[in-house]
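Trainee: The lines below spell out each chain.
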Amino acid sequence: MTDLCEGGMEDLWSIAVVLLQVWFSVMIGLIMIPAMFGLSLGVTSVYIQILVKILEWATLRIERGHRERPTLPVPATLPFGLIQREGGSMEQEMGELRRYRTQSISRGEFALSDSFYFYIKGLESIVDDQVTQRFSSEELVSWNLLTRTNHNFHFISLRLTIIWGLGVIIRYCVLFPLRITLAIIGLTWLVIGTTLVGFLPNKRVKNWLSELVHLMCYRICARGLSATIQYHNKENKPQKGGICVANHTSPIDIVILANDGCYAMVGQSHGGLMGVIQRSMVRSCPHVWFERSEMRDRNAVTSRLRAHVAAKTNLPILIFPEGTCINNTSVMMFKKGSFEIGGTIYPVAIKYDPRFGDAFWNSAKYNMVNYLLRMMTSWAIVVNVWYLPPMTRREKEDAAQFANRVKSAIAHQGGLLDMSWDGSLKRAKVKEEFKEQQQKMYSSMVVGKKGMAPDWTVAPVTGDLVARRGKYKTDSFKILPD
Amino acid sequence: MLLFCLSVEMGSTNSTLSKIPNVEELMQETGFTPAHIVRLYDRFEALDKEKTGHLRPQDFGAINRLAMNPIGDRIIGAFFSPGQETVDFHSFVRILAHFRPADKNRPKDPSMPEPVNNRTSKLKFAFQLYDQDKDGKISRAELLQVLRSMLEMQVTEEQLESIADRTIQEADLDKDDAISFEEFRKSLEKVNIDHKMSIRFLR
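Listed in order, the protein sequences are those of chains A and B. Using the numbering used here, you'd call the opening residue of the first sequence number 1 and step up by one each time. Using the numbering used here, you'd call the opening residue of the second sequence number 1 and step up by one each time.
None of these hints come from the bench; they were simulated from the model. Treat the hints with care, as some may be off.
The following label-pair restraints were derived from C-beta to C-beta distances [claimed, not checked]: (1) B:P34 <-> A:R298: 20 to 30 angstroms; (2) B:R148 <-> A:G95: 20 to 30 angstroms; (3) B:T120 <-> A:R99: 50 to 60 angstroms.
Some chain A residues near chain B, calculated using beta-carbon distances under 8 angstroms [to be verified]: (4) E109; (5) K121; (6) Y231; (7) D297; (8) N299; (9) A300; (10) V446.
For every residue, glycine included, the Cβ atom is placed at its ideal position computed from N, Cα and C.
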């Protein structure tokens, strides 16, 4: 009996070994080596095309399902935000509220229902406002067959469920082990390679090798995420001695950008595995790692970065001026610190395709490990990178204005919303002014002021106060005599 | 390992729901769907910057758009019961539940209690906006206060008083120089409250 068992065990063992060998040769032959030299076998693009077809089919199926069963909640084409906002101006809204009044004083004067307008606007802002919207993941109109993005899609059809089930199996049993192995290989090679290069004395050879090592590792890591990256306007690629700024969505941004060029990273020095990686990277070419205590001293930070930029042979610094991860639908306020360093700024816009996986790292909800796991079990990461023409600070511009100019350029190129809602509104005085505007608008409806032109109205989609162009004619409402 | 993969795949919705105590009861009571509750919870956490599990009036005051609202303070006040200085998540959701649009598909069952988002509840909230001392009547002084908030520097005191007089004259049916809830309701019976005083979640 035991002989048989042992024989069986040996067979299993040899089968396992053979499988492992096949696995490794596939990996190295088909994925790693082409990746290292920047070539592509075209497998990923075929995969993406198949995926798109499947997702389109799924969308049609879901839409059909909704038409057949209208009691299911139908997701509308989503503008930003959680709630539906009435798009009218204050006059329109109040006018509608007052429509019930049939008496002759229906124009002008005060109606008990007037307060409803302010009340509902106030409640809407409690439930949802523009700033916090940017810190939650963009929601898709249609389901992309990942369980985690399934909020309101109930059971539609058996076929859809089967495809979803297959998807789960493929993602977890085929793609995930592949990606993890690649990631581990990539990072290990990064540490070993940079340490080896660090031993070289010669400047030019060392730099060339260091760039090669970095590129190879990032390419392997990118394959480890099934990332398809499309670079546009490569002629504007950041040069040595410059500063590269980009919008921030996730830690993967670094891998995305570093696939096409070498950058000097800026960040806090960590302990543990990150620390090992950081220390070895520094051995082969200068990066800028700060101790936690140094980070607080803004002047120290700026001067160190300035010194790095001044040495024209150093790699361009990579900075994310937003300071935190945003959900890739807009660009938020750029911190002006990065723009005080001087030198040429090379703006880069990064836009992820949300159909294949949600790249946004919501650091409040998920920790890094959880996030990486989610990345590695998504379908793929498809991303567009635009290099914008370099910009420098103009004569009369201060750092904040320059920062805004760069931000607008990036937002415009990437098709992201340029959020101008910035910290200046925290000043109480500005809030008072806005409140007064609202009161002015309202009073013109109640008491009536001749020639009063309200300059503000509420934007339809975002609920924002925006300046209105053109004069608005008001009837002059009179208070009826007793 | 399997559990971990499961949590990754399912995302945060289910884990968020499990963080909230008595969430089933809350959904029953308020009529919010799980997706709505999760959104509101995220919103609550975002407002609760110091992670105390409660919101204070200052946390609401931090919302820019609300601070610019002429009656912003009163709206904030609606969330806090008299004497209470904090509001927890359940109360937050319960109050917002009043402003859900009416369920068109709900069968009219006289034995079931009226849902919280019916027309009367919405009107009651609007009434309490005016009736700050909660004596069941909107006095002339209370009406003046609301008018002052909404109009501030833009009109004179006489104009304000005149408006208040006229409004009370119109609505006050029993001539007690104040507007009771019934008179308030009657005065607004033609307004489409459900349309105008509802917050519609997109999903």
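Trainee: Taking the Cβ atom of B:R148 and the Cβ atom of A:G95, is their distance within the range 20 to 30 angstroms?
Mentor: 23 angstroms, holds
Trainee: Have a go at the A:Y231 hint: is there a Cβ in chain B nearer than 8 angstroms to its own Cβ?
Mentor: 30 angstroms, violated
Trainee: Was the hint right that A:V446 lines chain B, CB cutoff 8 angstroms?
Mentor: 7 angstroms, holds
Trainee: Go through the hint on A:K121 and say holds or violated, using the shortest Cβ distance to chain B against 8 angstroms.
Mentor: 6 angstroms, holds
Trainee: Do the beta carbons of B:P34 and A:R298 sit within 20 to 30 angstroms of each other?
Mentor: 44 angstroms, violated
Trainee: Taking the CB of B:T120 and the CB of A:R99, does the distance hold inside 50 to 60 angstroms?
Mentor: 21 angstroms, violated
Trainee: Next item in the hint list is A:E109. Is there a CB on chain B closer than 8 angstroms to its CB?
Mentor: 7 angstroms, holds
Trainee: Can the hint on A:D297 be confirmed by a CB-to-CB distance to chain B that is less than 8 angstroms?
Mentor: Check failed: Cβ of A:D297 comes no nearer than 25 angstroms to chain B, outside 8 angstroms.
Trainee: Does the nearest C-beta of chain B fall within a distance shorter than 8 angstroms of the C-beta of A:N299?
Mentor: 28 angstroms, violated
Trainee: Can the hint on A:A300 be confirmed by a CB-to-CB distance to chain B that is less than 8 angstroms?
Mentor: Because about 29 angstroms separates A:A300 from the closest Cβ in chain B, which is outside the 8 angstroms limit, the hint is violated.
Against the hints set out earlier in the document, violations occur for numbers 1, 3, 6, 7, 8 and 9.
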